[in-house]
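Engineer: Assemble chain B onto chain A, guided by the hints.
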Amino acid sequence: MTNTTLEMTSSEVGNPVNILIVDDSDIIRRMIARTIEMSGLPLSSIHEAANGREALSVLDRTWIDVVLADLNMPIMGGLELLDRTREDAALRDIPVIVVSTESCEERVDELEKRGVHAVVRKPFRPEQIRDVLLSITDRERPAARTDALGRAVDEVLPLLTFMNAIQLDAASLAPSSQTMMHARMGFSGSVSGILSALVPFSLARTMSENALGEPSSSKDADMIAGDTVGELLNTLAGTVVSDLGNGAAFDLAPPEVGTGSATDWADMQVQPTCAAFEVEGHTMLLNLNVR
Amino acid sequence: MMSADTNLKSRRQCAVPTRTIVGISELAVSTVGSGTLVTHSLGSCMGVSIHDPVAHVGGMLHAMMPLSAADPERARTKPGMYVDSGMTTLLERMFALGATKRNLVIRVAGGASNMDSDSVFRIGERNYTVLRKILWKNALFIQSEDVGGSKSRTMTLDLATGETTIKSNGVMRPL
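Note that the protein sequences, when read in sequence, are chains A and B. When the first sequence is numbered by numbering that gives the first Met the number 0, its final residue is 290 and no position is left out of the sequence of numbers. When the second sequence is numbered by numbering that gives the first Met the number 0, its final residue is 174 and no position is left out of the sequence of numbers.
Treat the hints with care, since some could be wrong.
As the list claims (entries may be wrong) - Away from chain A, derived, C-beta distances all over 10 Å, residues of chain B: (1) Pro-16; (2) Ser-40; (3) Glu-72; (4) Arg-75; (5) Thr-155; (6) Thr-160; (7) Gly-161; (8) Glu-162.
To be verified - Straight line, CA to CA, 25 Å or less: simulated SDA-like cross-link-like pairs of lysine to any residue: (9) Lys-136(B) - Ser-43(A); (10) Lys-121(A) - Trp-135(B); (11) Lys-100(B) - Met-37(A); (12) Lys-136(B) - Glu-47(A); (13) Lys-150(B) - Ser-112(B); (14) Lys-121(A) - Lys-218(A); (15) Lys-100(B) - Met-30(A); (16) Lys-166(B) - Arg-75(B); (17) Lys-121(A) - Ile-141(B); (18) Lys-100(B) - Leu-55(A); (19) Lys-121(A) - Ile-133(B); (20) Lys-136(B) - Gln-127(A); (21) Lys-100(B) - Ser-24(A); (22) Lys-132(B) - Val-118(A); (23) Lys-132(B) - Leu-55(A); (24) Lys-100(B) - Pro-52(B); (25) Lys-136(B) - Leu-55(A); (26) Lys-218(A) - Gly-237(A); (27) Lys-132(B) - Pro-15(A); (28) Lys-132(B) - Lys-218(A).
Simulated from the structure, these hints should not be mistaken for lab results. Ideal placement from N, C-alpha and C gives every residue a C-beta, glycine not left out.
So that you can see chain A by itself, here it is in the shape it has in the complex (with noise of 0.2 Å):
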């Protein structure tokens, strides 16, 4: 037992931030969990997975400010999960706390070398975890960027669709239930990130014949339809990136493009980084995280 001091610094700007607690011990996770609720982050969601695969299905879906991670879990470690999500362009600049019983130090330098934000040996004391913590989420985070997402679309809708839109008050709409492809693409460069869309299926195929300059077949409708929401993000996402970025050279993620639901609509649009947009009497979402 030694002389510590351990500031803190109460955080009450920025976004609320979403947590990612992976740990195949369900105890570390909910103490983990307890600590982070003590810390008085401003705080959106904590998420659990009890190993690496799990981890990565819910980085697929959800965006992720913060990663707490243990090392040794079955199925899928802690390292391979760092790998990755450094091969992914959404996921790259994610931080990650490793949280494990590691103490070499050899391998500790290593775990920073690969991009780990900071190693918490096991068993923590709760105020290591939430001084971590503030330290990353105390940096100043980028605010949303409802402003670039309606620059960009005045800027592609009309030459890629032939449409104009008008941006609405998203966390104001109505619950949607109608059928609605669901599209998102993770982008990196000066700015990272994901860009995501819900766009109702009669508009995208509105969206399609505009492109196409005519009606497409039955047949292939849908298909058309979900090629063109996908280059609709893409063309979006190069338009936001140089946009934010000034210019600088970005990578895009290929898009990934498939049905969303009354349950995706109600999440997307209450984000505070969500802008909605009335296109030709259809309403459609498009979310931009960026770190």
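Structural biologist: Then chain B, alone, in the frame of chain A:
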């Protein structure tokens, strides 16, 4: 006991800043917003200084032993004797005076091993562990601490600023 356990609110008119001594096995709370709470000779005992800078409520505990289960009757008449009953009572009194959990700044000193030289009972360590357990159960963090070792400490809480200082071996430093 009387001076320490008295709610100091009644002395608000007093011009000279008060210096209240918290004796062994005692605890004190104050809403005066000036003066100091002081406890001397913290060896294996656990000293806890708590301050709510928003509600201007301060409190201090000097507990001798970890668990009130050792003598529940004694703990009822003198809760400050034990870390568990002392912390519970101290927190309850501070909350009753308007302190809120989110604003509490908790500083801890003591838990030395000098008082039981053969280390059979390891009272200092037990006191500290029980304190951490109670704080964890109450979802409270320790802001700073000076614990363990083998020195005797004096802890002072400045009720105006919340600043806590430790004096040991003739040296005074902020905690």
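Engineer: If a hint holds in the structure, say so; if it does not, say that too.
Structural biologist: Hint by hint, here is what the structure shows:
1. A cut-off of 10 Å between C-beta atoms confirms that Pro-16(B) is not in contact with chain A; the least separation is 26 Å.
2. Annotated as non-interface, Ser-40(B) keeps its C-beta farther than 10 Å from every C-beta of chain A; the closest such distance is 19 Å.
3. Every CB of chain A is more than 10 Å from the CB of Glu-72(B) (nearest about 32 Å), matching its label as outside the interface.
4. Residue placement check: Arg-75(B) keeps its beta carbon more than 10 Å from all beta carbons of chain A (closest about 30 Å).
5. Residue-level check passed: Thr-155(B) sits 17 Å from the nearest beta carbon of chain A, beyond 10 Å.
6. Every CB of chain A is more than 10 Å from the CB of Thr-160(B) (nearest about 16 Å), matching its label as outside the interface.
7. With a closest Cβ-Cβ approach of about 13 Å to chain A, Gly-161(B) is found to remain outside the 10 Å limit, as its non-interface label requires.
8. Non-interface call for Glu-162(B) relative to chain A: holds, since the shortest CB-CB distance, roughly 13 Å, exceeds 10 Å.
9. With a C-alpha separation of about 23 Å, the suggested pairing of Lys-136(B) with Ser-43(A) holds against the 25 Å cut-off.
10. Between the alpha carbons of Lys-121(A) and Trp-135(B) the distance comes to roughly 16 Å, so the proposed pair stays at or under 25 Å and holds.
11. The hinted pair formed by Lys-100(B) and Met-37(A) meets the criterion: a straight-line CA distance of about 10 Å does not exceed 25 Å.
12. Simply put, Lys-136(B) and Glu-47(A) have alpha-carbon atoms about 22 Å apart, close enough for the 25 Å limit, and the pair holds.
13. Taking the CA atoms of Lys-150(B) and Ser-112(B), the gap is about 8 Å. The hint holds against a cut of 25 Å.
14. A hinted pair counts as satisfied when its Cα atoms are at most 25 Å apart, and Lys-121(A) with Lys-218(A) does not qualify at roughly 58 Å.
15. With a CA separation close to 19 Å, the supplied pair Lys-100(B) and Met-30(A) stays within the 25 Å bound.
16. Distance restraint check for Lys-166(B) and Arg-75(B): the Cα-Cα separation of roughly 31 Å exceeds the 25 Å cut-off, and the hinted pair is therefore not satisfied.
17. For the hint linking Lys-121(A) to Ile-141(B), the alpha-carbon distance of about 18 Å falls within 25 Å, and the restraint holds.
18. For the proposed pair Lys-100(B) and Leu-55(A), the alpha carbon gap of about 36 Å is over 25 Å, so the pair is violated.
19. Our distance criterion of 25 Å between C-alpha atoms is met by Lys-121(A) and Ile-133(B), whose separation comes to about 20 Å.
20. For the suggested pair Lys-136(B) and Gln-127(A), the alpha carbons sit about 17 Å apart, so the restraint of at most 25 Å is met.
21. As the CA atoms of Lys-100(B) and Ser-24(A) are separated by approximately 29 Å, the hinted pair breaks the 25 Å bound.
22. A distance of roughly 24 Å separates the Cα atoms of Lys-132(B) and Val-118(A); the hinted pair therefore holds under the 25 Å criterion.
23. At roughly 34 Å between alpha-carbon atoms, Lys-132(B) and Leu-55(A) are farther apart than 25 Å, so this suggested pair is violated.
24. Taking the CA atoms of Lys-100(B) and Pro-52(B), the gap is near 11 Å; set against the 25 Å cutoff, the hint holds.
25. At roughly 32 Å between alpha-carbon atoms, Lys-136(B) and Leu-55(A) are farther apart than 25 Å, so this suggested pair is violated.
26. For the proposed pair Lys-218(A) and Gly-237(A), the alpha carbon gap of about 30 Å is over 25 Å, so the pair is violated.
27. In summary, the hint linking Lys-132(B) to Pro-15(A) is not supported, as the alpha carbons are separated by about 29 Å, beyond the 25 Å threshold.
28. Pair hint Lys-132(B) plus Lys-218(A) does not hold up; C-alpha atoms about 66 Å apart against a cutoff of 25 Å.
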